[in-house]
Amino acid sequence: MRTIQSEDITRAVAVAAIEANTVLPPDIYQALRTAYEKERLPRARYLLKVLLDNADIAKKEGLALCQDTGMVVVNIIIGQEVHIAGDLKEAVDEGVRLGYRQGHFRASVVKDPLIRVNTGDNTPCIMHTEIVPGDTVRITVFPKGAGSENMGRVAMLKPGAGEQGIVDFVVETVEMAGGNPCPPLVVGVGIGGNMELASYLAKKALMRPLGASGPYPELRHKLLESINKTGIGPQGLGGDTTALGVNIESFPTHIASLPVAVNLGCHSTRRCTREL
Amino acid sequence: MELKVVRTPLTTEVVRSLRAGDFVALHGVVYTARDAAHRRMIQAIVSGEPLPFDPAGQVIYYTGPCPGFNHYPLGSCGPTTSGRMDGYTVELLKLGIRGMIGKGERAAEVRAAMQEYQAVYLATIGGAGAYLSRKVLRAEIVAYPDLGPEAVMRLEVVDFPCIVATDVHGGNLYRDNNKGAI
Numbered sequence: 096m097r098t099i100q101s102e103d104i105t106r107a108v109a110v111a112a113i114e115a116n117t118v119l120p121p122d123i124y125q126a127l128r129t130a131y132e133k134e135r136l137p138r139a140r141y142l143l144k145v146l147l148d149n150a151d152i153a154k155k156e157g158l159a160l161c162q163d164t165g166m167v168v169v170n171i172i173i174g175q176e177v178h179i180a181g182d183l184k185e186a187v188d189e190g191v192r193l194g195y196r197q198g199h200f201r202a203s204v205v206k207d208p209l210i211r212v213n214t215g216d217n218t219p220c221i222m223h224t225e226i227v228p229g230d231t232v233r234i235t236v237f238p239k240g241a242g243s244e245n246m247g248r249v250a251m252l253k254p255g256a257g258e259q260g261i262v263d264f265v266v267e268t269v270e271m272a273g274g275n276p277c278p279p280l281v282v283g284v285g286i287g288g289n290m291e292l293a294s295y296l297a298k299k300a301l302m303r304p305l306g307a308s309g310p311y312p313e314l315r316h317k318l319l320e321s322i323n324k325t326g327i328g329p330q331g332l333g334g335d336t337t338a339l340g341v342n343i344e345s346f347p348t349h350i351a352s353l354p355v356a357v358n359l360g361c362h363s364t365r366r367c368t369r370e371l
Numbered sequence: 416m417e418l419k420v421v422r423t424p425l426t427t428e429v430v431r432s433l434r435a436g437d438f439v440a441l442h443g444v445v446y447t448a449r450d451a452a453h454r455r456m457i458q459a460i461v462s463g464e465p466l467p468f469d470p471a472g473q474v475i476y477y478t479g480p481c482p483g484f485n486h487y488p489l490g491s492c493g494p495t496t497s498g499r500m501d502g503y504t505v506e507l508l509k510l511g512i513r514g515m516i517g518k519g520e521r522a523a524e525v526r527a528a529m530q531e532y533q534a535v536y537l538a539t540i541g542g543a544g545a546y547l548s549r550k551v552l553r554a555e556i557v558a559y560p561d562l563g564p565e566a567v568m569r570l571e572v573v574d575f576p577c578i579v580a581t582d583v584h585g586g587n588l589y590r591d592n593n594k595g596a597i
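For the record, the sequence lines run as chains B and W. Our numbering puts the first residue of the first sequence at 96, with every later residue one more than the last. Our numbering puts the first residue of the second sequence at 416, with every later residue one more than the last.
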């Protein structure tokens with residue numbers, strides 16, 4: 096049994112929160128650059144150039160890439176040989192609190208969804224844990240803005256709808272969202288499980304680097320092509336580049352179900368992973 | 416990309432000169448307000464109280480910025496989704512607001528009211544908050560400080576880049592099938 100102190104978790108979350116909000120992941124930066132080189136519409140090219148400049152300025156000056164520094168999703172994969180000394184959730188929230196204060200980031204969380212008073216320190220975060228074999232702890236900090244999060248959807252399709260049903264639903268979701276989720280998008284799709292698991296899988300799909308291996312490579316390709324054919328373009332103002340990539344996560348499902356969830360990530364889909 | 420220089424507050428003449436698709440470099444004062452500040456301003460109108468600023472000719476920027484630090488008067492300060500302000504906007508246009516800056520499509524009733532009251536809707540670059548923060552010279556809270564990042568701020572901007580999204584001549588840059596504003 097390996098013991099990890101909760102203070103070390105706090106420190107890792109704080110550092111990851113600052114890095115996630117100020118440094119665009121290299122795969123996303125590269126995808127933006129490639130899109131900029133390929134894009135044909137001058138207005139869209141201008142917008143993609145501004146987004147590249149934005150990432151350069153944020154990294155150099157330590158400024159947040161986007162003022163919507165999000166509600167933070169923290170995904171923790173805990174090896175079952177690890178004992179965490181202290182209160183894990185409190186340690187993670189303290190890391191968010193610390194990182195957001197040191198980073199001069201916006202506090203965007205209200206304590207109650209109806210009374211709506213800002214908690215002032217961007218806590219609580221939304222924490223997911225998974226227990227796996229091993230003796231390490233892998234923490235992914237994923238600040239998610241509401242512009243893109245508000246545009247997500249879930250559908251409980253009939254199994255007969257098949258692959259085409261999934262394509263239609265995902266493309267419809269992107270079209271309904273238009274410019275609101277800050278395209279070019281990273282599109283996370285969760286397929287299978289049940290209603291809540293499909294949503295979680297869609298979020299997990301966003302946490303995976305672009306172009307990394309994953310299920311259904313042909314479907315991913317078809318989705319990306321169909322999404323980019325919509326012509327929505329950067330900021331919804333037209334162009335070839337509506338999405339930078341599509342990631343899929345899947346899980347077995349019931350004989351009567353075909354759950355599909357779409358979680359849209361903006362052009363600055365932010366994530367940072369630390370391993371302890 | 417050629418930019419049209421536009422100074423605030425806006426006059427009818429300037430508003431009428433702008434066409435959907437024009438690139439604009441905005442100079443002057445704009446006021447920040449988003450969801451919670453809009454609710455408060457509408458409450459103020461209903462109860463006959465003054466708004467936090469004289470709305471005549473002014474421009475509202477839909478943003479909830481990160482705080483300033485070091486030599487930055489303001490941190491990252493990109494636009495938020497304008498559609499959430501649609502329900503409050505017509506009342507403000509009636510009182511003389513001439514411009515709005517945000518991102519994403521506006522509702523049909525807002526577009527109609529923009530024609531009636533001669534106001535323009537400018538899109539700026541969502542998610543380019545660090546880039547846009549360099550265009551802000553000064554920032555001060557003028558109302559509702561208890562709202563934190565949603566307080567109303569007076570910003571002085573220079574060369575602030577926007578694209579005319581909806582003009583007073585019926586021009587609208589967003590696609591017609593963009594129905595997503597909530």
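If you're looking for bench data, these hints aren't it; they were derived computationally from the structure. Predicted model, so just to flag it, every value in this text is computed and none were measured. Watch out, some of these pointers could steer you wrong.
Stated by the list, open to error - Computed beta-carbon distance windows for the label pairs:
1. B:121 with W:561: 46 to 52 angstroms
2. W:561 with B:271: 47 to 53 angstroms
3. W:506 with B:271: 46 to 52 angstroms
4. B:319 with W:486: 40 to 46 angstroms
5. B:118 with W:522: 23 to 29 angstroms
6. W:522 with B:254: 34 to 40 angstroms
7. W:444 with B:326: 42 to 48 angstroms
8. B:224 with W:420: 37 to 43 angstroms
9. B:255 with W:417: 16 to 22 angstroms
10. W:510 with B:255: 31 to 37 angstroms
11. B:214 with W:426: 41 to 47 angstroms
Positions of the beta carbon are idealized from the N, C-alpha and C atoms, including for glycine.
Hints versus structure:
{"no.": "1", "hint": "B:121 with W:561: 46 to 52 angstroms", "in the structure": "violated (40 angstroms)"}
{"no.": "2", "hint": "W:561 with B:271: 47 to 53 angstroms", "in the structure": "violated (35 angstroms)"}
{"no.": "3", "hint": "W:506 with B:271: 46 to 52 angstroms", "in the structure": "violated (27 angstroms)"}
{"no.": "4", "hint": "B:319 with W:486: 40 to 46 angstroms", "in the structure": "holds (41 angstroms)"}
{"no.": "5", "hint": "B:118 with W:522: 23 to 29 angstroms", "in the structure": "violated (37 angstroms)"}
{"no.": "6", "hint": "W:522 with B:254: 34 to 40 angstroms", "in the structure": "holds (37 angstroms)"}
{"no.": "7", "hint": "W:444 with B:326: 42 to 48 angstroms", "in the structure": "violated (36 angstroms)"}
{"no.": "8", "hint": "B:224 with W:420: 37 to 43 angstroms", "in the structure": "violated (54 angstroms)"}
{"no.": "9", "hint": "B:255 with W:417: 16 to 22 angstroms", "in the structure": "violated (53 angstroms)"}
{"no.": "10", "hint": "W:510 with B:255: 31 to 37 angstroms", "in the structure": "violated (55 angstroms)"}
{"no.": "11", "hint": "B:214 with W:426: 41 to 47 angstroms", "in the structure": "holds (42 angstroms)"}
In this structure, the earlier hints numbered 1, 2, 3, 5, 7, 8, 9 and 10 are contradicted, and the remaining ones agree with it.
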